[in-house]
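Participant: From first to last, the protein sequence lines stand for chains V and A. For the first sequence, the numbering used here gives the first residue as 1, with consecutive numbering after it. For the second sequence, the numbering used here gives the first residue as 1, with consecutive numbering after it.
Hints are computed from structural coordinates only; laboratory data are not their basis. This one's a predicted model, so the numbers in the text were calculated from it and none came from an experiment. Each hint can be trusted.
The list cannot tell twin chains apart, which means a pair is met if one copy fits it or any two copies do.
Heads up, simulated DSS-like pairs for lysine-lysine below, C-alpha to C-alpha not over 30 Å straight-line:
{"no.": "1", "residue 1": "Lys22", "residue 2": "Lys71"}
{"no.": "2", "residue 1": "Lys275", "residue 2": "Lys341"}
{"no.": "3", "residue 1": "Lys41", "residue 2": "Lys22"}
{"no.": "4", "residue 1": "Lys268", "residue 2": "Lys47"}
{"no.": "5", "residue 1": "Lys47", "residue 2": "Lys71"}
{"no.": "6", "residue 1": "Lys102", "residue 2": "Lys197"}
{"no.": "7", "residue 1": "Lys22", "residue 2": "Lys47"}
{"no.": "8", "residue 1": "Lys22", "residue 2": "Lys268"}
{"no.": "9", "residue 1": "Lys145", "residue 2": "Lys197"}
{"no.": "10", "residue 1": "Lys310", "residue 2": "Lys275"}
Here is what each chain is made of, one letter per residue.
There are 2 protein chains.
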Amino acid sequence: MSRFWSPLVHQLTPYVPGEQPKIPNLTKLNTNESPYGPSPKVYEAIKQAANDTLRLYPDPQAQDLKQALAKHTGLPADHIFVGNGSDEVLALAFQALLKQDKPLLFPDISYSFYPVYCQMYQVNYEQIPLDQNFNINLADYNRPKGGIIFPNPNAPTGIALPLSEIRQLLDNNPDTVILVDEAYVDFGAESAVALVKDYPNLLVTQTFSKSWALAGLRVGFAVGQPELIEGLIRVKDSFNSYPLDRLALAGAIAAVEDQDYFNTACRKVISAREKLTQALNQLGFEVLPSSANFVFARHPKHEGAWLAQKLRENALLVRHFNQPRIHDFLRITLGTDDQNKLLIQLLTNLTNQ
Amino acid sequence: MSRFWSPLVHQLTPYVPGEQPKIPNLTKLNTNESPYGPSPKVYEAIKQAANDTLRLYPDPQAQDLKQALAKHTGLPADHIFVGNGSDEVLALAFQALLKQDKPLLFPDISYSFYPVYCQMYQVNYEQIPLDQNFNINLADYNRPKGGIIFPNPNAPTGIALPLSEIRQLLDNNPDTVILVDEAYVDFGAESAVALVKDYPNLLVTQTFSKSWALAGLRVGFAVGQPELIEGLIRVKDSFNSYPLDRLALAGAIAAVEDQDYFNTACRKVISAREKLTQALNQLGFEVLPSSANFVFARHPKHEGAWLAQKLRENALLVRHFNQPRIHDFLRITLGTDDQNKLLIQLLTNLTNQ
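Looking at chain V on its own, in the form it has when it is part of the complex:
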């Protein structure tokens, strides 16, 4: 605490991201990064962009990346907004669209940055409990609201909602902005991008950090009708004109253009997920049905915190949330085949103790 801080800062409880420790030979299954790395074309594009033009500001509108994403999503470029990771895009959306008089609604078990943004930007909110099977029940969102946000698939459960339910939610709430946070959508859920042309109140966010294997590059984007995109641009241009540097732009464009590599990588993660889920089931774990690049699992006889700690002692990190209802669970990122095997080996030993 400091007398020099603005009054708001005294009340902030910042988001704590998953650990990024600098331990060699660590098996890192705690932050939902890709085990495979990006398309080799990304490296080439970055190397080419490492030249004298770095002395010049990047394009503040990031038109080339928007064009590439327009092609990828099948929508015009004025339906795309890009930012410094989807965290920045979400923060701008909280300020531009979700801060209303009535409360913002989101699930009680969800991305833990949402309540942090609400605190930071003084957004009134209500958390709607997941049902007893950890599903989002959209009927529960039928109450006074200034906006709705949820991840699809949800994190950290991995459970996805079908598009038909999202469409119904949009139909029932034509005057409310609904933000679907699709950080993990490419691993098997249905994207609401398909609904953007029909719903002026729908914003969809995605990220390059998971399926595109570029967490180190900090690129995220939003898809919506120009009316919503313009709100984001106004806030962004009142904050920071050039959040995406020349190298991030070059790398992200090269990634989007290599659709084959992307599709293959997503398929590999999905198939690894099916295999890991089976193996965990065989060890007695309950595994929630995941459409993400992670699984959320608990063992009836072993506490989540204990398992996470023991895995850590064996240089393998998973994520544990010390939080009501889910403290028995581990969130385990899909790794390479070898990493997943190592995990199962360690868990076999631990659950047999």
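With chain V fixed as given, assemble chain A onto it according to the hints.
Facilitator: Then chain A, alone, in the frame of chain V:
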């Protein structure tokens, strides 16, 4: 305007940065970029960082870059904060430190992003007029205030305050945060970083966009005692955990480590400034005494807007501000020797018309 926007967004007038047009063979003296490009070691570092680790999040604390800047500034790493360009660092400082009940004070002719931040973050402010010679007169800041911010050298005038005056301001205002925005300090002004150890209320911001020739990389930093830095960290971690990507970190570190290249480049800009100032004087221009990588000049017989337009017709961009008191001026970035010669040639023709 949209019914889906948050109430605040309707009132925003976003900052408009200098143009970044995609015209080949343009002489671009409008956004204060470096004419020389960064150290070649920056390219090497980026190329080396374009590897499989891009799939992993960057270090959210950016410790390696903070260490490099600690060595550069002669202060411990906990005195350093880094962000996505100094615009992001400034935006966080407005939220964390400068938003107080009493008004923030800054010069009426200054970086035009300051009033935009105030609008965005609802910071009460008062603009203090420069004196008749376009100097900041710090005696005028002796009035009720919640904070003070000014660039040193000031922009777009280029005029620097001596450190002795800044020290006196700090002595007179021990309970108020004073932010010295040193985007251009390396081109001949005295840095207030030297005062940080003595004043817990002093925050100094700098950027990699000008003297380090890395506008395309989006890296800025702040220097202050840990109490102020902690306020910035809290707001940053409530907004976006990883604003600096792996390539920006690698490039910035390589730049800081090549001090010889940096010193030579700054000296070249300073010497070009002296030459250009003389040439402009010979054409009848009044040139304010600049300590920056640009000059601010007006001609007694030719309007600023007209000169800027005519230069533009000759594929040379300078910055013109259509704003009271300074609408007769051109802000001209120092270019390469050839670019500066071209500018003088064009202005010779124009002022002889």
